[in-house]
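Asks: Please take these sequences and the hints and turn them into a complete structure.
Numbers in the working numbering are just positions in the sequence shown, counted from 1, shifted up by 277.
Quick caveat, the hints were computed from the structure, so don't treat them as lab data. Computed from a predicted structure; not experimentally measured. Watch out, some of these pointers could steer you wrong.
[As the list claims (entries may be wrong)] Taking CB as the label site, the calculated pair distances span:
hint : residue 1 : residue 2 : range
1    : A465      : G330      : 29 to 35 Å
2    : K340      : S371      : 15 to 21 Å
3    : T427      : L462      : 33 to 39 Å
4    : R419      : A465      : 36 to 42 Å
5    : T560      : L452      : 17 to 23 Å
6    : K340      : A465      : 23 to 29 Å
7    : T300      : A433      : 47 to 53 Å
Even for Gly, the Cβ is constructed at its ideal location relative to N, Cα and C.
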Amino acid sequence: MTIELTRRATLAGGFALLGWAATGSAQAVAAPKVTCYPVTSSRVAVLVSGVSGAVRLQNQAGKVLGQGSALSGTAIVSATVPANAITRLALVTSTGTVQLSVSTTTAALNASLWRVANKRIALPAGFAPALVTASGTFRLRRDCAAAYGTLRQAAARAGHPTGFTSAYRSYAGQLSLYNSYVRTLGRAGADRQCARAGHSEHQLGLSIDLKGSVGTSALAQWISANAWRYGFIVRYPRTATAVTGFEWEPWHVRYVGVPLATDFTHRRATALESYVGLPAAPTY
Numbered sequence: 278m279t280i281e282l283t284r285r286a287t288l289a290g291g292f293a294l295l296g297w298a299a300t301g302s303a304q305a306v307a308a309p310k311v312t313c314y315p316v317t318s319s320r321v322a323v324l325v326s327g328v329s330g331a332v333r334l335q336n337q338a339g340k341v342l343g344q345g346s347a348l349s350g351t352a353i354v355s356a357t358v359p360a361n362a363i364t365r366l367a368l369v370t371s372t373g374t375v376q377l378s379v380s381t382t383t384a385a386l387n388a389s390l391w392r393v394a395n396k397r398i399a400l401p402a403g404f405a406p407a408l409v410t411a412s413g414t415f416r417l418r419r420d421c422a423a424a425y426g427t428l429r430q431a432a433a434r435a436g437h438p439t440g441f442t443s444a445y446r447s448y449a450g451q452l453s454l455y456n457s458y459v460r461t462l463g464r465a466g467a468d469r470q471c472a473r474a475g476h477s478e479h480q481l482g483l484s485i486d487l488k489g490s491v492g493t494s495a496l497a498q499w500i501s502a503n504a505w506r507y508g509f510i511v512r513y514p515r516t517a518t519a520v521t522g523f524e525w526e527p528w529h530v531r532y533v534g535v536p537l538a539t540d541f542t543h544r545r546a547t548a549l550e551s552y553v554g555l556p557a558a559p560t561y
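Replies: Following this line, the structure appears as structure tokens:
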């Protein structure tokens, strides 16, 4: 759902581009490209490329809701907005203003590539995305499955074959897995290594545990250096445990799409929470 702002358009993913107004001598400047998804029921993130300097999101009264700075022509800015609603915002750049409406409706949130689930943000027990079979019994969202196929082929060409150890997990499946950890490690130990039911990104159908991507293995190093090229980020790096609440998992990759993964990596971001302006989630 990335579009050049050359016309009015409403997109099923949850936002609409309403207009572009260049400022001053910038009349001939092309409109930026904008991608927007809700990350929670009351927060949206906007990725904008073709810009420089500072960008900000503001409401129709002119109140600034979020700010960001461009890096290599791309900026990320996020804002808290009303839950389960459609809100009109202005994205102000150095060369003009994009008018857009953003949605935090259930449909938009369920379709979001950037939705966050963590120890502080739960998914409904009944939430289940539309899935396709990626391999054998492993299922994913269609966009994630396609990107995984490309990543796997690239890894194999580089001499690092891989496959699945886990993909989509239902709420019930996560509950069963968590309870098995509790029986072995106790509740505190389980909470360090396994998400409780409703708090796992695997329920989104956008996360994969990669076979062989452990520790400092050659595959893990290749994934760390190259996953972004295929739209993935390493979701639980060693340096972000205090934010994500989970121990280092070099095998766990999360699909967010190439544009976001690229900016995330170029900024040397480590935690999705911090990147989209959410608080740390070290505990439940």
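Asks: Against the structure, test the hints numbered earlier, and report the numbers of the ones violated in rising order.
Replies: 1, 6
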